[in-house]
Structures are given as structure tokens and as C-alpha cells.
Amino acid sequence: MLKEKEDSEKAALEKLVLDSIPKSQKVFGNTVYWVTIFAAVGAFFTPIFILANPSNNMLNPNIIFGAIFAGATPAEVWAYSVSGTFPGAHFYLNYITKADSWAMIFTVIGCGFGLFGLIPAVIYQIKEKDWFCAIHCIIITILIFFSVIGVLSING
2 MLKEKEDSEK
12 AALEKLVLDS
22 IPKSQKVFGN
32 TVYWVTIFAA
42 VGAFFTPIFI
52 LANPSNNMLN
62 PNIIFGAIFA
72 GATPAEVWAY
82 SVSGTFPGAH
92 FYLNYITKAD
102 SWAMIFTVIG
112 CGFGLFGLIP
122 AVIYQIKEKD
132 WFCAIHCIII
142 TILIFFSVIG
152 VLSING
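Just so we're aligned, residue 2 is where the sequence shown starts under my numbering, counting upward by one.
Hints in this document: simulated from the structure, not taken from any laboratory. Please note: incorrect hints may appear among the correct ones.
Derived lysine to aspartate or glutamate pairs resembling EDC-like cross-links, with alpha carbons at most 16 Å apart [unchecked claim]:
(1) Lys27 <-> Glu129
(2) Lys128 <-> Glu15
(3) Lys27 <-> Asp131
(4) Lys24 <-> Glu129
(5) Lys27 <-> Glu15
Label pairs and their in silico Cβ distance ranges [stated by the list, open to error]:
(6) Asn63 <-> Ile127: 28 to 36 Å
(7) Glu5 <-> Pro62: 54 to 62 Å
(8) Asn31 <-> Phe146: 18 to 26 Å
Ideal placement from N, C-alpha and C gives every residue a C-beta, glycine not left out.
Throw the hints in and build the complete structure from the sequences for me.
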């Protein structure tokens, strides 16, 4: 009897806590959760396709691993690629049919997951009239977007 009462009080407290969380934060959390799951599952299975058909890659793993372990420089490793040289940032978009391009796409999605969560969160923050958080969220969204497309980088 005492256990049932404690369980019902605990459930009521959890409901009270969940109801006090703003909708924008719930939307952000759910979006980040599912985008992360999607990217993780994709990144988990992509190496199978990379190794199953090594010739259908931007960088053939059978060749580049040998070059790396032989001490090749990055330029020498990229010389073994389909393009023959480093093709630049976001090269995977030009080689979308290659299996290792999909590994890069899932990596970008996984790293840019905040962007996918912030966009719907901003919409709900505006609906909630939480202007302070909405403005900051928009600024962070812009920073993430420009980082993902390569305009902002660590190298300058």
C-alpha cells in the first residue's frame, strides 16, 4: 500500500516537472534525439558498404590504408583518390554515389545535429514569446549553418 502511494506521488511529480518544461525545449530535445539516432545508425552501417565494394569509394580503403601505414603524406594519400588530388571541402556532395561519401554525409548530419534541433525550437520560442532565447537561438543557428557549409572554420 505504501509502495503504491509512493509510486503515484512519484508519477505526479514527474508529470508536474514535464509539464513545466517549455514546449520549445521538448521539441529541441526530441529533434536532436532522433537526428542523432538517424546519423548513428547510418554511420554504423556505412562501413559495411565501404568495405563490401572498395572500388566504389572516393578513397579505396585497400589502397589508402597501405599508403598511410607506409608513411605517405596527406597529398600522397589523396593522389590515390578518384580525383587524384584533394577535391576541397564537402567533396562528398560531388561524389554522392560513392559509399565513403555517405559516411561523410552521416558525419556532417551527426555534427550539425544542433542545427536541426534549433530551427523548430526557434519557432516554438517565438510562439512562447521567449524573445531572449529566440534571438540567441537564431544567432547560434546562423553560426552552426556557416560552420557546416565551410564559411567559418578553425583554420581561418
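Against the structure, the hints come out as follows:
For the hint linking Lys27 to Glu129, the alpha-carbon distance of about 13 Å falls within 16 Å, and the restraint holds. With a C-alpha separation of about 25 Å, the suggested pairing of Lys128 with Glu15 is violated against the 16 Å cut-off. Annotation: proposed proximity of Lys27 to Asp131 holds, straight-line Cα distance about 15 Å (limit 16 Å). A hinted pair counts as satisfied when its Cα atoms are at most 16 Å apart, and Lys24 with Glu129 qualifies at roughly 8 Å.
Between Lys27 and Glu15 the CA atoms are separated by roughly 14 Å; this keeps the pair inside 16 Å, and the hint holds. For the hinted restraint 28 to 36 Å between Asn63 and Ile127, the CB-CB distance of approximately 52 Å leaves it violated. At roughly 58 Å, the beta-carbon separation of Glu5 and Pro62 lies within the given 54 to 62 Å, and the hint holds. Separation of Asn31 from Phe146 is about 21 Å and conforms to the stated range, judged on CB atoms against 18 to 26 Å.
Consistency note: the structure conflicts with the earlier hints numbered 2, 6.
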